[in-house]
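Peer 1: With chain A held as given, fit chain B onto it using these hints.
Just so you know, the protein sequences line up as chains A and B, in that order. The opening residue of the first sequence carries number 134 in my numbering; numbering runs sequentially from there. The opening residue of the second sequence carries number 3 in my numbering; numbering runs sequentially from there.
Simulated from the structure, these hints should not be mistaken for laboratory data. A portion of the hints provided could be inaccurate.
Claimed, not checked - According to the in silico footprint, chain A covers these stretches of chain B (three or more CB under 8 Å from chain A):
(1) 42 to 56
(2) 89 to 100
(3) 105 to 117
Unchecked claim - Between beta-carbon pairs, the in silico distance windows are:
(4) B:Glu60 to A:Ser145: 31 to 39 Å
(5) A:Lys203 to B:Ala82: 43 to 51 Å
(6) A:Glu162 to B:Leu117: 39 to 47 Å
(7) A:Gln189 to B:Pro63: 40 to 48 Å
(8) B:Ser67 to A:Glu150: 46 to 54 Å
(9) B:Val14 to A:Gln190: 45 to 53 Å
To be verified - Below, computed lysine-lysine pairings styled on PhoX-like, alpha-carbon distance capped at 20 Å:
(10) A:Lys240 to B:Lys43
(11) A:Lys203 to A:Lys240
(12) B:Lys42 to A:Lys240
The structure displayed is predicted, hence computed values, not measured ones. Positions of the beta carbon are idealized from the N, C-alpha and C atoms, including for glycine.
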Amino acid sequence: AQTVTQSQPEMSVQEAETVTLSCTYDTSENNYYLFWYKQPPSRQMILVIRQEAYKQQNATENRFSVNFQKAAKSFSLKISDSQLGDTAMYFCAFIGNYQLIWGAGTKLIIKP
Amino acid sequence: DTEVTQTPKHLVMGMTNKKSLKCEQHMGHRAMYWYKQKAKKPPELMFVYSYEKLSINESVPSRFSPECPNSSLLNLHLHALQPEDSALYLCASSLPRTSGDQTQYFGPGTRLLVL
Numbered sequence: 134a135q136t137v138t139q140s141q142p143e144m145s146v147q148e149a150e151t152v153t154l155s156c157t158y159d160t161s162e163n164n165y166y167l168f169w170y171k172q173p174p175s176r177q178m179i180l181v182i183r184q185e186a187y188k189q190q191n192a193t194e195n196r197f198s199v200n201f202q203k204a205a206k207s208f209s210l211k212i213s214d215s216q217l218g219d220t221a222m223y224f225c226a227f228i229g230n231y232q233l234i235w236g237a238g239t240k241l242i243i244k245p
Numbered sequence: 003d004t005e006v007t008q009t010p011k012h013l014v015m016g017m018t019n020k021k022s023l024k025c026e027q028h029m030g031h032r033a034m035y036w037y038k039q040k041a042k043k044p045p046e047l048m049f050v051y052s053y054e055k056l057s058i059n060e061s062v063p064s065r066f067s068p069e070c071p072n073s074s075l076l077n078l079h080l081h082a083l084q085p086e087d088s089a090l091y092l093c094a095s096s097l098p099r100t101s102g103d104q105t106q107y108f109g110p111g112t113r114l115l116v117l
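So here's chain B without its partners, still in its complex pose:
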């Protein structure tokens, strides 16, 4: 059983909608990640939070807005998305970089379809 949860499992939205993806981890980790994954491809890193602060933004368009309200929660706010943003969005968590062990554990993902 995964200790990283994501909601919703599926999301269909129009290009003018505003929606949010939620990720929660109960592993005591202090690093959290958002990935985007297209079919048959490896995940692409979008954002990294370390100790609730944004540490990496991989040049993601501003229509994606991450938020880390506390050490257990990670949100991804979506606004004015494009059809090409349709993908599986994965959340992951790990111990902080300073720990040495940065094994990432993934949630089940949110399948997003933009119409």
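For reference, chain A alone in the conformation it holds in the complex:
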């Protein structure tokens, strides 16, 4: 079975701190994409970052970076210099065969 596990239901940090969200997944496929999506209170689902499984280099998008450990099937998201606008639900997901498999989400609160 293909699954995604996000073990942190909720996290909160002070503005400007660095925070890491955890994600592990299980799949028997070899080629797939991994994603972090952000859903703020507006509920718009926003793509934060993506990683192609065959690429060893970790993806980076400005303040967002991932630590991708393929053998361990781990895909954590690091947010540096966190901002109030980063407050949102964060979903980890992967796609191997047309369908996105989602984690349960981590609610991240950035405190001023």
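Peer 2: Leaving out everything else, chain B in the frame of chain A:
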């Protein structure tokens, strides 16, 4: 700015009404998706269209009827809904499966309330 748009943003309907949700994408994608999302849960896949043809129906009740008139448009026709159908309905699009990159881009959603 999202290149996937959805209308309306909010919809309130009675159980006997007929309404439609509309989704439009301007990304040149040939795969389009409908999701249903309840509060504090991840989205649940409802339908997938590939090259304007329905390719996946996740056992969705017939009171939801999808339609893909062309490669840019996706509709979801609603009829005789139940209060438990109240949710956020998200549309997404992506390159086709054969492209390798199936990154999905989402519209802003329609918040549906069934009374």
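Peer 1: Next, verify each hint and record whether it holds.
Peer 2: Evaluated hints:
1. 42 to 56: Holds: 6 residues of the segment 42 to 56 of chain B have a Cβ under 8 Å from chain A.
2. 89 to 100: holds (count 4)
3. 105 to 117: n = 7 at 8 Å, threshold three: holds.
4. B:Glu60 to A:Ser145: 31 to 39 Å: holds, 34 Å
5. A:Lys203 to B:Ala82: 43 to 51 Å: holds, 47 Å
6. A:Glu162 to B:Leu117: 39 to 47 Å: This hint holds: roughly 43 Å between Cβ atoms.
7. A:Gln189 to B:Pro63: 40 to 48 Å: Holds - the Cβ-Cβ distance for A:Gln189 and B:Pro63, about 44 Å, lies within 40 to 48 Å.
8. B:Ser67 to A:Glu150: 46 to 54 Å: About 48 Å separates the Cβ atoms of B:Ser67 and A:Glu150, which means 46 to 54 Å holds.
9. B:Val14 to A:Gln190: 45 to 53 Å: holds, 48 Å
10. A:Lys240 to B:Lys43: holds, 11 Å
11. A:Lys203 to A:Lys240: violated, 25 Å
12. B:Lys42 to A:Lys240: At roughly 9 Å apart (the allowed maximum being 20 Å), A:Lys240 and B:Lys42 satisfy the hint.
In this structure, the one hint that does not hold is number 11.
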